[in-house]
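Below, each chain spelled out in residue letters.
Protein chains: 2
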Amino acid sequence: MPKEVDHRGRREAIARALWRVVEQRGVTQLTMRVVAREAGMSLGQLQHYFASRTAMLSFAMDFAAEQTSARVQQGLDELGDRPHPRDVLRLTLAEMLPLHADARATSRMSAAYVLEALHDEAVHERARRGLARGLALVEQVVRQAIADGHIDSGRDPATETHLLLALTGFAPLIELDVIGPRDALAAIDAHLDRLFRST
Amino acid sequence: MPKEVDHRGRREAIARALWRVVEQRGVTQLTMRVVAREAGMSLGQLQHYFASRTAMLSFAMDFAAEQTSARVQQGLDELGDRPHPRDVLRLTLAEMLPLHADARATSRMSAAYVLEALHDEAVHERARRGLARGLALVEQVVRQAIADGHIDSGRDPATETHLLLALTGFAPLIELDVIGPRDALAAIDAHLDRLFRST
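Each protein sequence line maps, in turn, to chains A and B.
Residue numbers for the first sequence follow UniProt numbering, beginning at 1 and rising by one.
Residue numbers for the second sequence follow UniProt numbering, beginning at 1 and rising by one.
It is worth saying that the hints were derived from the structure and are not from the lab.
Honestly, I wouldn't trust all of these hints.
Unchecked claim - Stretches of chain B that chain A covers, calculated by requiring three or more beta carbons in the stretch to come under 8 Å of a beta carbon on chain A:
hint: 1; region: 17-29
hint: 2; region: 40-46
hint: 3; region: 60-72
hint: 4; region: 75-89
hint: 5; region: 131-138
hint: 6; region: 141-150
Note that the Cβ used here is the ideal one computed from N, Cα and C, for glycine as well.
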């Protein structure tokens, strides 16, 4: 058991090293050799944990998604027992944007992963499934909010979910200093206000 | 003069070769050597046109932005003399999404460029300026639509512009088959309907 835990710990340390490479040097530098050096191990040691670049990248991406979920869950816990669906959606969206160091790392990781997915079927399928799961969770919140009368029943839950997810498009705009974090959050608030004011 | 035109033509051919590399093999393969091979020239010949990878990438990105603008302009011309601002915004947004081969190439190019910008100051500034210009154009349309009574004067033009630009977040969702092109356009239509129905 401790060995298993240690194995997991090493893989997470490698994933964090991979994020640092993406963050500091860019996805073009993302080779197993560079990640091994960043993680302070030999290429052979890295290959003991990940047989291929794709396997390493997939784990790093899954780990990033887990970290994002954990941050959202922690935020939800702080909202108390029965959080308002508007707060749930705002928190979820905000954690998907590069508004603080951890979220920035996972956001950049996601952007790199999408580009990888375009010419790697396995990565594409894994990324698709991860995002589809996220979409289903958001849609569940939207449907429940409609059922509970927080959102007008005339709103189409699928369309509203798609619009909410598309707002992750603020990520590159924030990264490039085209729209400031405060303005992005203000726009998200305006969108949510109208969604929830529609009753 | 013919020599100048030819020079421009060669640079555009290189930019298209670069797009093909991004499209087919991914940004990690984006070296001057690979692009030279794809363009059917030697590395030395490529270096005659672009002194550095960044210079090559910047030209390819500017060219992609020009191509997108040209497609939008062509669409606007087809809309007739005084197009409705809703149609202008829909056309602009649609051309920024990977809905057909040309738009897919420029959309992928943009995504690659954003990742490059994160660790290259010159690319960051160039990408920021390009996007800021796009934002200003959209905001101009929104402000005029408010002035002309097409959009309720209670709407904040900056916030509405930010929300419209954020909807380019559909691009990765379409690329990963999480949201279909038809659903993305339906969501954009729903958003525009509400923006223009607010009067």
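For each hint, the structure was consulted:
{"no.": "1", "hint": "17-29", "in the structure": "holds (count 6)"}
{"no.": "2", "hint": "40-46", "in the structure": "violated (count 0)"}
{"no.": "3", "hint": "60-72", "in the structure": "violated (count 0)"}
{"no.": "4", "hint": "75-89", "in the structure": "violated (count 0)"}
{"no.": "5", "hint": "131-138", "in the structure": "holds (count 3)"}
{"no.": "6", "hint": "141-150", "in the structure": "violated (count 0)"}
In this structure, the earlier hints numbered 2, 3, 4 and 6 are contradicted, and the remaining ones agree with it.
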